[in-house]
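Enquirer: Given chain A, put chains B, C and D in place with the hints provided.
One letter stands for each residue in the lines below.
Number of protein chains: 4
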Amino acid sequence: MSLGPSCDIMGSKCRRHPSRKGRRYMVIRPYIRKVQYYETDAMGIVHHSNHIRWFEEARVDFLEQLGYGYHRLEEEGISAPVLEASCRYLAPLRFGEEAVITLALTACTPVRFQVRYEIREKEGGALRGEGHTSHCYTDGKGALLSLRKANPGFYGILLEAMEAQEETEEGKEG
Amino acid sequence: MSLGPSCDIMGSKCRRHPSRKGRRYMVIRPYIRKVQYYETDAMGIVHHSNHIRWFEEARVDFLEQLGYGYHRLEEEGISAPVLEASCRYLAPLRFGEEAVITLALTACTPVRFQVRYEIREKEGGALRGEGHTSHCYTDGKGALLSLRKANPGFYGILLEAMEAQEETEEGKEG
Amino acid sequence: MSLGPSCDIMGSKCRRHPSRKGRRYMVIRPYIRKVQYYETDAMGIVHHSNHIRWFEEARVDFLEQLGYGYHRLEEEGISAPVLEASCRYLAPLRFGEEAVITLALTACTPVRFQVRYEIREKEGGALRGEGHTSHCYTDGKGALLSLRKANPGFYGILLEAMEAQEETEEGKEG
Amino acid sequence: MSLGPSCDIMGSKCRRHPSRKGRRYMVIRPYIRKVQYYETDAMGIVHHSNHIRWFEEARVDFLEQLGYGYHRLEEEGISAPVLEASCRYLAPLRFGEEAVITLALTACTPVRFQVRYEIREKEGGALRGEGHTSHCYTDGKGALLSLRKANPGFYGILLEAMEAQEETEEGKEG
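Chains as they are written, first to last, in this note's numbering: chain A, 665 to 838; chain B, 665 to 838; chain C, 665 to 838; chain D, 665 to 838.
In short, the hints are calculated from the structure, not lab data. There may be inaccurate statements among the hints.
Pairs count within a copy or across copies, as identical chains cannot be separated in the list.
Unchecked claim - In silico lysine to aspartate or glutamate, EDC-like type, Cα no more than 16 Å apart, as pairs:
(1) 698 - 728
(2) 698 - 721
(3) 786 - 761
(4) 786 - 739
(5) 698 - 803
(6) 813 - 803
(7) 698 - 785
(8) 786 - 830
Only a predicted model underlies this, so the values are computations on that prediction, with no experimental measurement involved.
For reference, chain A alone in the conformation it holds in the complex (with noise of 0.2 Å):
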């Protein structure tokens, strides 16, 4: 799956959620941000442990962008820590280089979902780096949970915008 600088996610069949009916696109920004000073290392370069803040930062903009914040889910009692996390490091980035951070839900099942992220520069476009984190949920303390049980709308949200990206990539693809 390649994802686009910008990626369509069309709302056009969503059984789930008959309400939306009427909305046909969903498209999702990519998530913008300047490489901070802070965040360069020695070598001149972004640490590359910043690449995992920099894919939790792309991740609570996309919860946003479909309309339900992680701040939300965590009022609510839900958590979605990380299971796994990696990360493909193919060229640098420099302070004074914005990175344009594209993602893909790439699972998403009542107890767990993946992510799947690409880095690149601005100017250029070229890929920077790839990853992907996978999640469960749990509540306050830490317990799991089955996402359809304590928040199925969330649950709904999730797969409509899976469904949505796979169509996308069908007329991609077609």
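Expert: Chains B, C and D alone, transformed into the frame defined by chain A:
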């Protein structure tokens, strides 16, 4: 007040805690830690925000040496958020160096305490930075607490530590 | 001096840069950024070390708005390391909130500049923190520089920005 | 491969470094470090990006134990940037706990090395996380290097360390 590389805190005249009379010296070891690569920036030096973090590390280590870890304080529902923090940067630290951080309590009331810090490089011992933080006490919801009421035992430990410092200073000056 | 949410810098009497005479207002936009989850700590609030990092972000953004990014300064071999940094924490910021950071140059000589910052929460606008940093100029090897000699153009831009602030302040007070 | 709490590296059959024949055991101490308060997040646990930083700390400590600090490598103009990093999070770590990090070289060629890490909590010893990083070698300008040419001494040390691990593993399994 000058903080030496090791800060002897004599407990010889502790009126407040008669049970501790027997212990005549409480030596507070300085806090030593290596510069980490991820703490450097593109200038090749430790980014200035990390000094504020090192102050926290040294403060936590100090409370542990006093026998009452910050961890334990938080378990009892008391936090000590930062009201003010400052640092003067005299010379940079680099990867491959070790920082030696000494501290002293400079104020201690039922509602506030203040700490002063000095950062030296381990090899040469020259001063690289100095600063201070001040703190209040809050409960789990952020409401201000009087430590004398909320935890008189811990308050006594802080008072004793400060008094002992003063005696050490007097001893040095006399 | 009070920093409003948007800090008008009038350029009406810029003697030093006659070519800029035509531009009568230079509006410096405040720097706005969301609290990131990785910036929170176990108290559920933004860790106090991050305010120092936000000051840097706002300072870098300010220089960009002045038309001379810090990035460009470093490419020309000039760095502006921090000599002092301080912050007063008036009320905590939490994940889900946005910080609005305004700043003002409070001193500007050939060998040093000082910046004052205010952090407000976007919604309510109440002051959450305030602080300052001061900086010198160094070459690539850390030797002190006079900005008037090393980069008179950038020095003029800083002087002009400070003067314009003062006029704005006078206008407010008058 | 299982990494024990202390990882014996036997040097008994080191063909590559005859001068080291006499030393029969090289014990690599695990890297131990306390969870810092600023490493926690609003979930009350260590933020997942810090595990990637701890891997770096452990790696730097490992090289120092091998007698060739990363610091020295950089002074000689060689860097070892990260090509890939990953972590699986099995259980969270909290403020007040100590992390014990063990590592093993899992690949070592003239142009690349790979390290595997395990993070355990000091008290109970249960596995809290595991991951890996892989690295290439570059000069000061980011161009790829062959370590065999650029620094055969250091390359030999890495090969020897990996071989010794394998012998230790065989000894455990046999």
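Enquirer: Out of the numbered hints, which ones does the structure contradict?
Expert: Those not satisfied are hints 4, 5, 8.
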